Amino acid sequence: MALLEIENLTVEFDTVEGRFRALDNVSYSVNAGEVLAVVGESGSGKSVAMLAVMGLLAQNGHVWADKLVFEGRDLMTMSDKERRKVIGKDISMIFQEPIASLNPCFTVGYQLDEALVQHTSLNRKERKDRMVELMQQVGMPEPEKAIKKFPHQMSGGQCQRVMIAMAIACSPKLLIADEPTTALDVTIQKQILDLLMDLQQKTGMGLIMITHDMGVVAETADRVIVQYKGKKMEEAGVLELFESPKNPYTRALLSALPENATGNRLPTVSDFHDGQGGAH
Amino acid sequence: MSNNVILEARDLVREYHTKEGMMGKTVVTRALKGVSFDLERGKTLAVVGESGCGKSTLARILTLIDPATSGDLFIEGKKIDISQERLSKEMRAKVQIVFQNPYGSLNPRQKIGDVLTEPLMINTNLSPAERREQAMDMLIKVGLGPEHFNRYPHMFSGGQRQRVAIARALMLNPSLLILDEPVSALDLSVQAQILNLLADLQDEFNLTYLFISHDLSVVRYIADKVMVMYFGEVVEYGDIETVFGDPQHEYTRTLFNATPKADIAHIKARLGVA
Numbered sequence: 118m119a120l121l122e123i124e125n126l127t128v129e130f131d132t133v134e135g136r137f138r139a140l141d142n143v144s145y146s147v148n149a150g151e152v153l154a155v156v157g158e159s160g161s162g163k164s165v166a167m168l169a170v171m172g173l174l175a176q177n178g179h180v181w182a183d184k185l186v187f188e189g190r191d192l193m194t195m196s197d198k199e200r201r202k203v204i205g206k207d208i209s210m211i212f213q214e215p216i217a218s219l220n221p222c223f224t225v226g227y228q229l230d231e232a233l234v235q236h237t238s239l240n241r242k243e244r245k246d247r248m249v250e251l252m253q254q255v256g257m258p259e260p261e262k263a264i265k266k267f268p269h270q271m272s273g274g275q276c277q278r279v280m281i282a283m284a285i286a287c288s289p290k291l292l293i294a295d296e297p298t299t300a301l302d303v304t305i306q307k308q309i310l311d312l313l314m315d316l317q318q319k320t321g322m323g324l325i326m327i328t329h330d331m332g333v334v335a336e337t338a339d340r341v342i343v344q345y346k347g348k349k350m351e352e353a354g355v356l357e358l359f360e361s362p363k364n365p366y367t368r369a370l371l372s373a374l375p376e377n378a379t380g381n382r383l384p385t386v387s388d389f390h391d392g393q394g395g396a397h
Numbered sequence: 011m012s013n014n015v016i017l018e019a020r021d022l023v024r025e026y027h028t029k030e031g032m033m034g035k036t037v038v039t040r041a042l043k044g045v046s047f048d049l050e051r052g053k054t055l056a057v058v059g060e061s062g063c064g065k066s067t068l069a070r071i072l073t074l075i076d077p078a079t080s081g082d083l084f085i086e087g088k089k090i091d092i093s094q095e096r097l098s099k100e101m102r103a104k105v106q107i108v109f110q111n112p113y114g115s116l117n118p119r120q121k122i123g124d125v126l127t128e129p130l131m132i133n134t135n136l137s138p139a140e141r142r143e144q145a146m147d148m149l150i151k152v153g154l155g156p157e158h159f160n161r162y163p164h165m166f167s168g169g170q171r172q173r174v175a176i177a178r179a180l181m182l183n184p185s186l187l188i189l190d191e192p193v194s195a196l197d198l199s200v201q202a203q204i205l206n207l208l209a210d211l212q213d214e215f216n217l218t219y220l221f222i223s224h225d226l227s228v229v230r231y232i233a234d235k236v237m238v239m240y241f242g243e244v245v246e247y248g249d250i251e252t253v254f255g256d257p258q259h260e261y262t263r264t265l266f267n268a269t270p271k272a273d274i275a276h277i278k279a280r281l282g283v284a
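Chains as they are written, first to last, in this note's numbering: chain F, 118 to 397; chain Z, 11 to 284.
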């Protein structure tokens with residue numbers, strides 16, 4: 118049985134110019150122990166689907182789905198109270214901007230503790246031990262000192278480690294990583310990706326990697342979903358996708374990679390769309 | 011020195027003095043620790059490194075925004091020291107810069123036409139009609155149209171804004187363009203368009219680029235020479251094929267290894283498929 122199943126998920130937003138459809142009948146599923154990459158450019162709706170699953174959409178967002186099922190339980194009909202027991206515990210998420218995701222007013226230990234207070238019945242001493250253990254797991258030097266630090270006393274890579282520690286605090290079955298390394302330097306990116314893959318393999322959790330970087334897809338994914346303007350373009354195994362992309366958009370995207378350049382100029386995606394329709 | 015060298019840097023050092031606390035003593039940060047290189051006309055030199063390695067400090071010195079603490083800078087054979095003398099308008103026009111974030115580098119209350127004509131208004135004696143004409147021409151050269159002249163930045167996408175930023179930098183016919191991470195805020199397909207535009211413009215105007223980037227695949231595609239920086243020092247400098255083919259310094263190798271690779275052989279190796 119799939120861990121998370123999404124069938125015909127549609128998300129619309131109310132705007133001053135009427136309804137905007139950010140996601141249009143998208144279906145996919147993730148199995149336990151699998152790494153699924155969702156790849157697309159800005160506005161492709163790759164994050165919106167996951168925010169809908171997490172119930173994190175703003176007030177003006179409207180969600181429809183034939184199926185939005187986690188471990189056989191329907192997330193659509195679930196009460197808010199039940200849902201809060203699943204979100205943050207069995208499904209957790211890390212975001213793109215590690216420094217902005219942490220509250221600057223509290224120590225990272227305090228913020229890490231919140232997840233444990235909410236979802237576990239550990240006492241104060243046990244929670245402290247668990248925090249130190251988590252900090253060790255995510256490769257933080259001097260874990261005891263680290264939990265007393267404020268976010269501004271840490272680097273971007275360290276903040277992302279704290280976010281990961283928070284996300285895995287309750288041993289989730291599904292971890293959603295939304296562009297986890299986009300704001301980081303390449304050498305730090307490698308460390309964070311290695312850490313995520315390592316944790317995924319050790320715990321056997323499902324991992325959804327949302328990214329725009331084909332390199333990150335190639336380095337991490339088992340299976341790939343390609344999205345464009347709210348629609349699913351292609352779904353394939355990672356090797357199949359890079360070897361023989363079926364969809365013209367995927368082909369265009371792969372040929373726009375500078376490392377695949379053959380001549381003096383790069384082929385662009387403009388045969389597929391004008392690439393600059395952003396003016397509204 | 012050959013005629014082809016447009017910019018020469020010798021042992022550029024930049025120190026920043028900051029005070030630690032109210033009563034604290036002055037702390038000296040050496041952002042650049044003696045950087046030397048030559049830049050040939052019509053070529054592209056890429057500067058690669060991570061945050062804090064001094065890339066942007068170098069960009070500020072070369073754009074003549076900040077003076078170097080010590081070291082010499084020659085532009086077209088002429089020694090320039092902005093801490094000693096005021097820059098002439100001709101010198102000012104020679105080096106222009108394009109910044110990373112096209113959302114932050116354009117004034118939201120300024121129309122595109124004004125963005126482009128402002129450098130001409132300050133630095134030349136052209137009449138308003140001539141300025142307008144030049145701006146229109148430039149819009150077409152960077153792949154926009156005359157209809158964009160009276161629009162505001164918020165009406166453009168990221169890629170279009172970066173085209174505007176490039177157009178603004180080219181208004182004074184510079185010979186050297188400093189590109190500070192010009193495509194790292196853009197989507198892959200838009201990135202390809204902007205890289206193509208830069209290549210077209212380089213051919214047309216015989217421009218010289220100093221291309222600052224952290225993306226090695228982009229650097230390999232666009233640059234003739236590459237300079238790898240690490241904590242304010244140049245650890246490797248040479249032709250693109252030499253450096254990529256046979257990196258000498260430990261840090262360069264670390265950087266190459268950390269870069270995600272999207273080739274099929276690499277995916278097969280990861281998945282353990284023959």
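Treat the hints loosely; a few may be bogus.
[As the list claims (entries may be wrong)] The following label-pair restraints were derived from C-beta to C-beta distances:
1) Z:Y113 to F:R201: 50 to 58 Å
2) Z:S61 to F:L239: 32 to 40 Å
3) F:R136 to Z:E128: 38 to 46 Å
4) F:R201 to Z:F266: 40 to 48 Å
Keep in mind the hints are simulated off the structure, nothing from the lab. Every value quoted in this text rests on a predicted model; they were computed, and no experiment measured them. Beta carbons are placed, not taken as given, at the ideal position from N, Cα and C, and that holds for glycine.
Given a hint of 40 to 48 Å, does the C-beta separation of R201 (chain F) and F266 (chain Z) actually sit inside it? Taking Cβ atoms as reference, R201 (chain F) and F266 (chain Z) lie about 45 Å apart, which means the hint holds.
Given a hint of 38 to 46 Å, does the C-beta separation of R136 (chain F) and E128 (chain Z) actually sit inside it? Distance hint for R136 (chain F), E128 (chain Z) holds at roughly 40 Å.
Just tell me: holds or violated, for the beta carbon distance of S61 (chain Z) and L239 (chain F) against 32 to 40 Å? Because 37 Å falls inside the window, the suggested range holds.
Holds or violated: 50 to 58 Å for the Cβ distance of Y113 (chain Z) and R201 (chain F)? Because 35 Å falls outside the window, the suggested range is violated.
The structure shown violates just one earlier hint, number 1.
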